[in-house]
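Novice: Chain by chain, the residues:
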Amino acid sequence: MERKIKVLIAKPGLDGHDRGAKIVAYALKEAGMEVIYTGLHQTIDSIVATALQEDVDVIGLSILSGAHLTICEKLMKKLREVGLENKPVVVGGVIPQQDIPKLKEMGVKAVFPGGTPLSQVVEGVRQVALQSITREE
Amino acid sequence: MGVGGAKYIRDEKDRIKEVIYESGIRIKPFYTPADLEEVGFNYEQDLGDPGEYPFTRSIHPEGYRSRAWTMRQYTGFGTPRETNERFKFMIAQGQTGLNVAFDLPTQMGLDSDDPLAEGEVGRVGMAVDTLRDFEIAFEGIPLDRIGTGLTINAVASIILAMYQAVAEKYGYSPESISATPQNDILKEMIGRGTWIFPVEPSIKLIGDTIEYSMKVMPKTNPVSVCGYHIRESGATPAQEIAYAILIANAYIEEVVKRGYHVDQFGRGITFNFNVFGNLWENVAKFRAARKLWAKNMKEKWGAKDKQTMFLRGLFGGGGSGLTKEQPIINVVRGAYYALAAALGGAQTTAICSYDEAYTIPTPYSALISLRTLQLLMDEVGLRDTVDPLAGSYFIETLTKKMEEKIIEEMEEIERIGGIKLAVETGYIQRKVARQAYEWQKGLERGEYIKIGVNKYTDPGPLGSEDVKLHEYNPEVAEAQIKALREIKLHRNNREVLRCLNDLKVAAKQGKNVMPYLLEAVKAYATLGEMTSVFKEVYGEFKEPSIF
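Sequence order for the protein chains is A and B.
17 is the number of the first residue of the first sequence in the working numbering; add one for each residue after it.
1413 is the number of the first residue of the second sequence in the working numbering; add one for each residue after it.
None of these hints come from the bench; they were simulated from the model.
Warning: the hint list may mix true and false statements.
What the hints assert, rightly or not - Okay, derived cross-link-like pairs now, DSS-like style, lysine-lysine, Cα gap no bigger than 25 angstroms in a straight line: (1) A/K45 to B/K1853; (2) B/K1710 to B/K1832; (3) B/K1880 to A/K118; (4) B/K1853 to A/K22; (5) A/K45 to B/K1843; (6) A/K120 to B/K1880; (7) B/K1880 to B/K1853.
Claimed, not checked - So the derived list for chain A, only partly shown, Cβ under 8 angstroms to chain B, looks like this: (8) L30; (9) D34; (10) I39; (11) A41; (12) Y42; (13) G48; (14) V51; (15) Y53; (16) G55; (17) L56; (18) S81; (19) P112; (20) G131.
As the list claims (entries may be wrong) - Over 10 angstroms on every C-beta distance to chain B, these chain A residues come out as not near it, computed from the model: (21) R19; (22) M49; (23) E70; (24) G82; (25) R96; (26) P117; (27) Q147.
Computed from a predicted structure; not experimentally measured.
Glycine residues also receive a C-beta, built at the ideal position from the N, C-alpha and C atoms.
Chain B extracted, bound-state conformation:
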């Protein structure tokens, strides 16, 4: 669709009269030391050296010198076997982490043979029904060296249990593996939409995964809070960070109330932020976010350990910024988005491929994305020095203003009763949907410029012939359903029933469900069976009406 970006007001001679960023910050034609003075910029308090509180510049003293960013393109489609092949291809090409895409039935906790899954099995990601699917998908992947992002939310607890089980099966100890399930349900309720259970039990399950990971899988990051999708839904960059911090705090609260200190688990809470729109606004956003998160952990939660204060995460993607028109120029857009992520100090990254407005990326387009990321690190100098824009009158003023905007947005939500209420009642959903609509109208009026969409619209030879559609193979569903039947036939069904019953009792008693899920997963209980237990105990989320 293509929204996002600054608003420009020009005179009749095309001179720019006003520049207003999405977060509501007006930009001046030039900046001087007087601007730094006006915003009260102070090196020690606002920046500090890289690796020092408040980590505005970087969480590492040497930034990309000590370690290039982790490249983790989103991958997965069809059967676990096809996905495994693509994983191996991307790793052979130098990718340093995995990021697994699941199909919609899996994300919604439905088995492939569920009538509601018809037509969707293996379509937008890989299909998972039982541990057997993970055994195939991760066969031959060095799980002690490759970290894995798992794009799963409502049923993240189940998928995390599967990941532990498959690692154990292939001889990797739980302490040695590093998974990052998305596991952020509040953002699903704001955008993206793969929610199942109501707010409170959903947050309880997230608490279970954090508590369990802390004890059993310490290298795992149980939550990746996604400002990303909130931004995709129409939030401004400032709102993206504000809502993400508030959401993270809701999950932290759940674990703190169980008697733990944030230094015991806080480092497992990571983020996923978006990068489309204006370059400078994004750079300032990432820098302000690092600082605000560190302050939040220190001042609100009493963190003492530096590691707890680190804002870790994936900055990248930018799907909403890419256009259907002249798709090949999305390669260029992606490169600038990646540049913004690098200048903003992204620790992990991925960018959307040029054909994603049309289709699941082909090996060709996925590899262009990966090479873009590699090129920035190895060829053009992004590893040379940490936070190269620091000290710029403009960037430092903007970072301070961005920080103020983020705090304003956080305060607004606190005023109306907090993030959980704001999501349950649809307050945020209404707000971002309305903004998305206003942007779209602004785009059509030409207030925002998108190349190929409302300026330079003649594609010439840059049409959609550059896109090769990923062919959905309907036999995938048949094969998946057949494999599921086989498993149900050969597993110990009595053991499965016992495990599911234990799971139900544990859920009803409010115990941490993770050990029970692990047992059920190992007995080859299906995702749908375990989800049904949760539905029975917890009920289902009712989407607030926003119109």
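Next up, chain A with everything else stripped away, as it sits in the complex:
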């Protein structure tokens, strides 16, 4: 199994702060992964459609507006609807400590609050992707 890990980096909702998302996208690329970046202002439907179409291994959301709980809840529901409930989701951005367990409970596999070193983000995404790929195979 030597294929590239494929990651979708998405900016859901109205938040326009994308420096973090772009930095992470560069880091994942440099670590040998294939990255698809959606651009700003994506709806949940369009994110899920892209995930399906591109058959990504991981969906990464970047949220700095504070709306992460609402957004993740909607995303998880939509993933279940289209039968992608096993597609791992990771979240980065301005995420208060107290919300991390809530996100995990919804099924988010990993959370990278602002300030997480890039190496940890890359490793975290790789782990999550490999688990998912192994399960598929």
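Could you slot chain B onto chain A? The hints should help.
Specialist: The following block gives chain B in isolation, referenced to the frame of chain A:
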């Protein structure tokens, strides 16, 4: 996240071998008159007295002696009523201007009941749907004495119309009010991201607000060009100023081509610059920016009036310099950023609060920021004399070098076809995102030092327990939507439709839309309704792919 700052190369004994500023300037261990000679420093040409061309030292002859800086902390959350209470609190505490934060649906021209607004109503700023919200937010605020910054861009024309309407409603004439909508769409496309319409119609709308303000609200500054967010996105200090001047020129061109002279409207174009990273680089940046802007207005646009050549604006913020780690030390960082702004001659200022990497500032943290600014003016001597660093071998050499760097960055963009093309194609976005990534890696390698992040990382008792999270109240959205329904029920819907139709016709014919917006606003048309008209006529911006 915490980026920005000089790169230091040390030897094994921690002696500093090289210092390289973000804009690419190498710093020597000491400076002498020979350095001034080498850069061709000339007092009259490069500085002039304060209040004299090219205004490097200050736009006012007596600087802060004649007037302390305007303090304008960014404020707004939840419903207009909560925001109004916080406005009044900050004014009672000595704040001299307002700076309104709007929620994301408002910034994106969506009504609070729009499905796309779900979860975002009133979250990062106050929610605005109709004039009614402004009536509540500005109730009891002396709009003829307090100037108001409005952090709004794609729909700035609509919000400016609302501001005029609310002022009139409370008995203030349009001539007496001073609003500063951000109204800088090109920087939204580079960073920050609240764009809606494509480049050309967006600039047309900005032209409308400038033309209209010039005639109807002469004390209003219709545009605040934000190098600030470009810097936050990863630009160097030199790029921040270079891109801001080019963006301002794009807006000026739009108005000049309508047959006006820059002396008629140029003073309404103001700036918002950032202040994090190295102290000296920031001071030199502000001084060089004042000079280059004056030259730009005089030489490129033929300004004759001194006022047109003044670089006015807010220097401050520094959000990207603040850290999540050991948040309370951001109080200290903020104080040094404010010092850099004061030494750089900021006319208006605000600094980010220590908890902003976590949350919307509490009254406690917002007040610390305000007191920091007040303390600099009243207690430690920043009002004593204008431009106190002038004449320093180091600062003057650095200011000259900064000027050269800014010009280089401007020339690069002109070479590839100008600022509009550079934004439309994502050239600048790609460049600054890449730089942001390189900085982040440099930070993690320890080439840049951030206290608490890669040095002195043990927080001891300085952990995040000093931060109290601003609680988002989901009932805000319900209350806002309910109020919106009430208004739609009680307004004259036939009149609203007529106004929206007139707006559409005016937009299609390329007329100045401001009078039509004012009418629609007064009829309680919603922000979303007016934005939809523009979307229909102008279309929407397509973000260039940068990967």
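Novice: Is it correct that the beta-carbon of A/R96 has no partner in chain B closer than or equal to 10 angstroms?
Specialist: About 19 angstroms separates A/R96 from the closest Cβ of chain B, which puts it past 10 angstroms; holds.
Novice: Need the status of pair B/K1710, B/K1832: alpha-carbon distance at most 25 angstroms?
Specialist: holds (22 angstroms)
Novice: Under the criterion of a CB-CB separation shorter than 8 angstroms, is A/D34 in contact with chain B as hinted?
Specialist: At 6 angstroms from the nearest chain B Cβ, A/D34 passes the 8 angstroms test, so the hint holds.
Novice: Please verify that hint: A/Y42, Cβ, nearest Cβ of chain B, below 8 angstroms or not.
Specialist: holds (4 angstroms)
Novice: Take a quick look at whether A/K45 and B/K1843 sit within 25 angstroms of each other, Cα to Cα.
Specialist: Holds: A/K45 and B/K1843 sit about 16 angstroms apart, inside 25 angstroms.
Novice: Minimum Cβ distance from A/Y53 to chain B below 8 angstroms?
Specialist: OK, holds: A/Y53 within 8 angstroms of chain B, min 5 angstroms.
Novice: According to the definition I'm using, a residue is off the interface if its beta carbon is farther than 10 angstroms from all beta carbons of the partner; does A/Q147 meet that for chain B?
Specialist: The claim stands: A/Q147 keeps its Cβ more than 10 angstroms from every Cβ of chain B (closest is about 25 angstroms).
Novice: Between the alpha carbons of B/K1853 and A/K22, is the straight-line distance 25 angstroms or under?
Specialist: Distance ~22 angstroms between B/K1853 and A/K22 Cα, so the pair holds.
Novice: Does A/S81 meet its interface restraint, that is, does its C-beta lie within less than 8 angstroms of any C-beta in chain B?
Specialist: The hint holds - A/S81 has a Cβ within 8 angstroms of chain B, the shortest such distance being about 6 angstroms.
Novice: Take the shortest C-beta to C-beta distance between A/P112 and chain B; is it under 8 angstroms?
Specialist: holds (6 angstroms)
Novice: Against chain B, is A/A41 within 8 angstroms by beta-carbon distance?
Specialist: This interface hint holds because 6 angstroms falls under the 8 angstroms limit.
Novice: Hint validation: A/V51 versus chain B, beta carbon distance must be below 8 angstroms. Holds or violated?
Specialist: For A/V51, the interface hint holds, since the closest Cβ of chain B sits about 7 angstroms away, which is under 8 angstroms.
The structure shown violates the earlier hints numbered 7, 13 and 24.
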